[in-house]
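Those letters in the sequence shown? Residues 1 to 72, per the UniProt record's numbering, in order.
Worth flagging that the hints you see were computed from the coordinates, not collected in a lab.
Treat the hints with care, since some could be wrong.
What the hints assert, rightly or not - Distance ranges between label pairs, derived from CB positions:
(1) S48 - F10: 28 to 36 Å
(2) G49 - F10: 30 to 38 Å
(3) E61 - D19: 28 to 36 Å
(4) A40 - R11: 15 to 23 Å
(5) R62 - G9: 16 to 24 Å
(6) R23 - K46: 27 to 35 Å
(7) G6 - G28: 27 to 35 Å
(8) F10 - D30: 14 to 22 Å
(9) S48 - G6: 26 to 34 Å
(10) R27 - A57: 28 to 36 Å
Idealized CB from N, CA, C, for every residue including glycine.
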Amino acid sequence: MCGIVGYVGFRNATDVLIDGLRRLEYRGYDSAGVAVRTPAGLKVVKRSGKLSALESALKEERLEGPLGIGHT
1 MCGIVGYVGF RNATDVLIDG LRRLEYRGYD SAGVAVRTPA GLKVVKRSGK LSALESALKE
61 ERLEGPLGIG HT
């Protein structure tokens, strides 16, 4: 089962998206990803497995921007 969360606002979208995806974890999934609009353009990070794999990838490649969408 999949879940989708989006954000547009003044906060960093990545933080809001990860929080929203955590709230959807109970639904079950096999991958997760986010797409965030940064000053350099649209950046996408996705990983198979649990949300923790995506969070680890985002620690290495921090996405900063006010608009984004995430999925599980």
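Numbers of the earlier hints that this structure fails to satisfy, in rising order: Structure breaks hints 3, 6, 7, 8, 9, 10.
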